[in-house]
Amino acid sequence: MDLAYSAEEEEFRARLRVWLAAVLPTLPPRPDPLDWPARRAYDCGWQRRLHDAGYADVHWDASPTQRLIFLEETELAGAPYVGANFVGLLHAGPTIAAEGTAAQRDRWLPPVLRGDEVWCQGFSEPDAGSDLASLRTRAVRDGNEYVVSGQKIWTSHAEVADWCELLVRTDPAAPKHRGISWLAMPMDAPGVTVRPLRTLAGSTEFAEMFLDEVRIPVGNRVGDENDGWRVTMVTLSFERGTAFVGEVVACRRLLGELARTARENGTWDDPVLRRRLGRLSAEFQALWRLTQANVSEAQATGGVPGAGGSVFKLHYSHARQELYEAAATVLGPDALDLGHDWTLDRLSSLSYTIAAGTSQIQRNIVAERILGLPKGR
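For the sequence shown, counting from 1, position 303 maps to 403 in our numbering; every step adds exactly one.
Because the hints were derived from the structure by calculation, they are not lab data. Among the hints, erroneous ones may be present.
[To be verified] So the derived label-pair ranges between C-beta atoms look like this:
| no. | residue 1 | residue 2 | range |
| --- | --- | --- | --- |
| 1 | Arg238 | Asp206 | 42 to 48 Å |
| 2 | Glu110 | Asp242 | 50 to 56 Å |
| 3 | Val118 | Asn244 | 46 to 52 Å |
| 4 | Ala273 | Tyr181 | 23 to 29 Å |
| 5 | Thr293 | Asp231 | 22 to 28 Å |
| 6 | Ser249 | Asp434 | 47 to 53 Å |
| 7 | Ser249 | Ala114 | 24 to 30 Å |
| 8 | Ala435 | Gly378 | 31 to 37 Å |
Built from N, CA and C at the ideal position, the CB exists for glycine as well.
Let the sequences and hints guide you as you build the complete structure.
What follows is the structure, encoded as structure tokens:
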């Protein structure tokens, strides 16, 4: 497995650095992080700049290695994150690019790339817990439409989204993994009700969503009817494989800031803290190398990340939580100040062992698909 970058890839990196250095100083001030309509406008404005510069399609029309370089360099430069465009660019878009028809790609991908349309994710349900395949939201075929009723929860960016990647049960008599379909639902369709959920940090990037006989064209189904679980595994492989790459870079940068702060406030004199930061530095370096290995594998096998993404996600979510616990030790009483970015990030880190598949689910995937252990009964 070759983890080195080619001359062409390094040229891509150099060109991107020059562009970032020129454009970042011209950006407007960032909005209040709790104001999602303003954040949508800001994030979509940044996406438009990427589009006009020729970098918009890097998330699915570039090689996995170029995608890795893009995420690394934009994070190192302090560029805006994808934000409200997260689901469209990193989940729904790559899934449609991999599994959609030519007409579906033509309809949905350009608006995402231009920052014209935002997507949300309608996967989780209140009664399904970690067992996503036990979802109950029903889709009954009525001619050229599905009539959908049910409830979703933790629907990312639902209050500012135009479209939803939606999992529904189209055959209740089939085994639970075989009766699911993947639909693209317009959020302005009659029967869609969104109720924002407030997080510990006070933001509302999640929502619960109620669907009351929502009519969705059959042409909005990605993949075959009842083949949605396989399509969903494609979506989740992107979510667990490369979607957190920029955050690994951010965590490595935060470690450096923590070390500097510790030297300034005297906590660096604690040898236990120094060992902890050193071990975390090694952990994030290993995660970066694992990301490179996963990307190299994806590039050799068609561009879709494999089960190695679950290994990454499992270790990353726990390492991130430990990082912010270490930050709390360095900050002392200031760790309780909600006005401090690290405090908000620490609260956010608590969700990472649940979001994108719980750690327990990731362990099952690793055990069954990588280690070859039998499935539990």
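Fill in: Numbers of unmet hints, in rising order
Hints 1, 4, 7 and 8 are the ones this structure does not satisfy, whereas the remaining hints hold.
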